[in-house]
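**Student:** Chains A and B supply the protein sequences, listed in that same order. Quick note: the first sequence uses our numbering, first residue 1, plus one each step. Quick note: the second sequence uses our numbering, first residue 1, plus one each step.
For the record, the hints were derived by calculation from the structure and aren't laboratory data. Given the structure is predicted, the values throughout are model-derived calculations rather than measurements. Do not rely on the hints blindly, as some may be mistaken.
Intra- or inter-copy, both count: the list cannot distinguish identical chains.
Once the Cα atoms are required to be at most 25 Å apart in a straight line, the calculated DMTMM-like pairs of lysine to aspartate or glutamate come out as [what the hints assert, rightly or not]:
| hint | residue 1 | residue 2 |
| --- | --- | --- |
| 1 | K41 | D74 |
| 2 | K41 | E61 |
| 3 | K20 | E32 |
| 4 | K41 | E13 |
| 5 | K20 | E54 |
| 6 | K20 | E48 |
| 7 | K41 | D64 |
| 8 | K20 | E61 |
| 9 | K11 | E61 |
| 10 | K11 | E48 |
| 11 | K20 | E73 |
| 12 | K41 | E73 |
| 13 | K41 | E82 |
| 14 | K20 | E65 |
| 15 | K20 | D74 |
Take a look at the letters that make up each chain.
Number of protein chains: 2
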Amino acid sequence: MPTIVVDVMPKAELLDPQGKAVTGALSRLGIEAFTGVRIGKRFELTVEGEVTDEVLATVREVADEILSNAVIEDVVGVEVVE
Amino acid sequence: MPTIVVDVMPKAELLDPQGKAVTGALSRLGIEAFTGVRIGKRFELTVEGEVTDEVLATVREVADEILSNAVIEDVVGVEVVE
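Take the sequences, apply the hints, and build the full model.
**Tutor:** Quick look at the structure:
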């Protein structure tokens with residue numbers, strides 16, 4: 001069955017406390033390669049049958065209105081992967 | 001600055017209660033297009049300077065040992081995006 005991936009990230013201008021915590025933990029472990037870490041959500045939606053334009057439109061609507069909070073998050077990707 | 005995206009998903013064989021909840025909510029809203037939803041994490045790691053093989057090796061190590069819990073999650077993607 002085809003899978004559609006929706007990627008949601010916190011808005012760039014917002015503080016990302018989880019990301020900051022991971023960045024701090026990495027440097028305490030001596031891993032200095034990264035200047036920043038941001039953490040978001042990855043949704044995999046499985047679809048019965050073909051991925052039509054109508055299905056993709058539904059995915060975008062669901063992504064904007066249900067899978068993300070438009071006040072603090074951005075939908076950064078909608079991609080058919082299988 | 002280059003960004004490396006790490007995608008982490010719950011292991012396929014494990015129950016994904018969050019995903020089940022979203023699937024249920026969608027069908028209650030009359031959205032029947034999706035047979036399943038799985039929810040994971042998306043990390044964006046920003047790097048100073050070039051993304052060398054060494055940096056990528058560090059990212060894979062960090063992804064496996066810090067950003068994911070190998071007992072219940074799989075790292076499903078490591079990708080340089082910028």
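**Student:** It remains to establish, for every hint, whether it holds in the given structure.
**Tutor:** Tested hints:
1. Within a single copy, K41 and D74 get their C-alpha atoms as close as 10 Å, and across copies as close as 14 Å, so both meet the 25 Å cut-off.
2. When the C-alpha separation of K41 and E61 is checked against a cutoff of 25 Å, the pair qualifies both within a copy, at 17 Å, and between copies, at 21 Å.
3. Taking the closest pair of Cα atoms, K20 and E32 come within 25 Å of each other only inside a single copy of the chain (14 Å); across copies the shortest separation is 38 Å, beyond that limit.
4. Taking CA atoms no more than 25 Å apart as the test, K41 paired with E13 passes in both settings, with 17 Å inside one copy and 20 Å between copies.
5. Taking the shortest Cα distances, K20 and E54 sit within 25 Å of each other only across copies (23 Å), while inside one copy they are farther apart (39 Å).
6. For a Cα distance limit of 25 Å, the shortest separation of K20 from E48 across copies, 16 Å, qualifies, whereas the shortest one inside one copy, 39 Å, does not.
7. For the identical chains of this complex, K41 and D64 are neighbours both inside a copy (13 Å) and across copies (18 Å), given an alpha-carbon limit of 25 Å.
8. Taking the closest pair of Cα atoms, K20 and E61 come within 25 Å of each other only across two copies (19 Å); inside a single copy the shortest separation is 30 Å, beyond that limit.
9. Taking the shortest alpha-carbon separations for K11 and E61, only the intra-copy value of 18 Å comes in at or below 25 Å, while the best inter-copy value is 27 Å.
10. Proximity of K11 and E48 under a CA criterion of 25 Å is satisfied inter-copy only: 21 Å between copies versus 32 Å inside one chain copy.
11. In this assembly of identical chains, the alpha carbons of K20 and E73 lie at most 25 Å apart whether taken from the same copy (17 Å) or from different copies (22 Å).
12. When the C-alpha separation of K41 and E73 is checked against a cutoff of 25 Å, the pair qualifies both within a copy, at 10 Å, and between copies, at 14 Å.
13. For a Cα distance limit of 25 Å, the shortest separation of K41 from E82 qualifies both inside one copy, at 19 Å, and across copies, at 19 Å.
14. In this assembly of identical chains, K20 and E65 lie within 25 Å of each other by CA distance solely across copies; the values are 18 Å between and 27 Å within a copy.
15. For the homomeric pair K20 and D74, the shortest alpha-carbon distances inside one copy (19 Å) and between copies (23 Å) are both at most 25 Å.
In the structure shown, no violation is registered for any of the earlier numbered hints.
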